[in-house]
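First to last, the sequence lines map onto chains Z and R. Position 100 of the first sequence, counted from 1, bears residue number 100 in this note's numbering, the numbering being contiguous throughout. Counting from 1 along the second sequence, just add 1000 to a position and that's the residue number in this note's numbering.
Derived from the structure by calculation, the hints contain no laboratory data. Wrong hints could be hidden among the right ones.
As the list claims (entries may be wrong) - On the chain R side, residues computed to face chain Z include the following (Cβ under 7 angstroms):
1) Trp1231
2) Gly1247
3) Asn1251
Said to hold, decoys possible - Derived Cβ-Cβ restraints for the label pairs, each shown as a range:
4) Z:Gln145 x R:Glu1236: 35 to 41 angstroms
5) Z:Leu42 x R:Ala1150: 25 to 31 angstroms
6) R:Val1143 x Z:Ala31: 44 to 50 angstroms
7) Z:Leu142 x R:Tyr1222: 53 to 59 angstroms
8) R:Asn1299 x Z:Leu248: 42 to 48 angstroms
9) Z:Ile298 x R:Gly1303: 53 to 59 angstroms
10) R:Val1143 x Z:Ile298: 25 to 31 angstroms
Yeah, the Cβ is synthetic: ideal placement off N, Cα and C, and Gly gets one too.
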Amino acid sequence: MDTTERPIATATARAIPRRRIGGMTLAERQAWTGWLFLLPALLVVIGVAMVPLAQTVYYSFTDKRLGALQATNWIGFENYRFLLRDNLWWSAVRVTVLFTVVTVIAEFALGLLIALVVNSRFRGRGLMRAAMLVPWAIPTVLSAQMWKWMYNDIFGVFNDMLRRLGLIEQNIAWLAKPSTALPAVMAIDIWKTTPFVALLLLAGLQVIPEELYEAATVDGASRIRQFLVITLPLLRPAIAVALIFRSLDALRAFDVFYVLFGARPDTQTMAVYAQNNIVAFSDVGYGSAISVLIFLIIAIFVVAYVTSLRVEAES
Amino acid sequence: MNAMDRSRRSALSRRGLFRVAAAATVSGLLAACRGQQATPTPVTAPSPTPGTAATPTPAAARTPAPTVVGTGSPVTYTLENPPQVFNADRARQYSGAKLTYYGDSVGIGAELDQALAGAFQEATGIQITVVPHPPSATETYAVYQRFFAAQSPDIDVMMIDVIWPGAFAPHLLDLSSALSEEARQHYETIIENNTVDGRLVCMPWFGDFGMLYYRTDLLEKYGFTAPPQTWDELEEQARTIIEGERGANPNFTGFVFQGNAYEGLTCDALEWLASTGGGRFIENGQVTINNPQAVAMLNRVRGWVGTIAPPGVTTYQEEESRQVFQGGNAAFMRNWPYAYALGNAQDSPIRGKFDVAPLPATPPNPHVGTVGGWQLGVSRYSRAPEAAVEFVRYMTSPEVQTYRAVVGSFVPTIPDVSTRPEVLAVMPFLETLKDVVRVTRPSRETGERYNEVSTVIFQSVNQILNGADAAQVLPQAEQRLRRIIGS
């Protein structure tokens, strides 16, 4: 840029008597103009993302309470010290991470399968693609309520089916038993977001050129080999996007858990725990400390994903 | 109450309530007509209200002489005809003041608010903007918190849940000097609940309390002559009925209540403990949750789960238990009064087959019911506190409580109103349950930390219901409560 533009700039400047405006070269002025155009966007980002984030970090070092009349005090790492010894918090971390790992793996596997199916040519493909998005289009609060009824121990449809098939004697209280509660909520999330993963992967599949497969067929590569050496590597960017999106979503899971379990201790996620502390307990300081830790945990996941996917791409 | 329950139950219940209310209204009017023929009533025409002016109902038009209640002011029990504003003379000196009132969110409650505010505005010249509060109590709590944190004058009068006076006391006007006379008419426990450090921070508006619903037809079928007086009897009756009914209905269960980890479980647990000598969690600033009676009772309730209660009861809130009971799948239920009108609705399978009784107790402990309900408070940051107080005076008066009870099935907080025949016609249980001891949650003494206290309680009890031993859980709960209230 410097090498190509400077001569033109000086040439123009020589023609015009005033070669510098406000002591700036044209390149400098262009850079300034660029920043000027960026300014509104930057202000918005600072206003809606950076300021609240900084504020949350600041609050996490205080004992701020919502609606309290007494002054807020700086208490250093006290919130964090307490948090590290808080059983409920660690239980929430366990629940959330387990939920994330299981659902993301399952959604990826099923989503890929579905994407491959709807990518092939068959009658009614358009209808199929639209229909598969239905679970994802239903607001989570509604679908959680719907599943809650299906899981009901007295009149739930699952118990009814199992009973008719003669598989159970006693109705199962799916959401009550600690051993089935988490798998039950995982099933809801997998049902709901697999279509979303499938859609992302389908978009990735559609940009892979048909010729590659034709060439591979001519070379005598089997369908499985084609999948491994053509589809998977070329799908990697789409996979990365899908995995990152889903993991971030799962790590801040709130609505399904909130509708199904409320503040039940053994099924709280990190986000539910943070919300409970801030809204119900008005404990903004402690809730902010929790939010900061959630932020850090999510950051670790993102860094892990980005680096591992990049390393694979280079090797 | 928790985020969902209040909103859900009001939304679902209102239709039913309205139906019952409508029936009561008709019978009230008929009574009025008959009364008029027998003895001439004083010819005081009801003050014109915006409601009647805009939409005169045929019923109201046909009965020019309304029923006479209480103070002698004439009132017809229709939505469009709220009671006369008896304090209009006093309130008119604040004419022109503007008030913002956070009232009921949906359904009949919101309609009653509109009618009452309209009547008050007409009679006094005080302008009232009615803003429905968010349907969820938790949301409403958060909204008020933000108003108060900013010391905002944008809210003057508001509905206050029975567990909030402690938390909001610093931001609410002391009503004791202006409304002391009126306060004496209400149930003492509720006034006590609303009095924080000697300041009466809000006036009782309508009440709620826990009670036992039972199936009259099933008790009769299995030879029980009366509803259970003790928890032993409840267990025995439930077992017998389950044994007999399971053959025909594999889903049949004995007793349903609110076992989910939320505010409702704190209410249920308070009743279990208080009715068996297990105390009231926190008393006189001391944590008393960990005692032998409490351990015994909670372990006993744990034994119900999967035997006389469905295994899923640990996920039930009010509506889940009501659905099971109203569907004819349970012999007993603990719930609030709202389920009464719904159970007797036209399409209810158990219509006419159930009744209510006090919750069981272990003698010599009394029958108890946890107090719920809503109050009206005035913000300290209001620009027109005097006008706001007059509005509260009108809204919480015996006349308005009678009107709201008859038209909307709202449980009065004034004993005198509870015994009026037109109110008992809608809610006969007010008579049968009048001796029940109303117990309050420890919200007043724990103030803004109440939500944390309640969370510890319902999380611990839920853990016990899910199989943990109360003797292990309660000492931990005691410690956590001590840390919160700092004793």
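Compare the structure with the hints numbered earlier in the document and write down the numbers of the violated ones, lowest to highest. 1, 2, 7, 9
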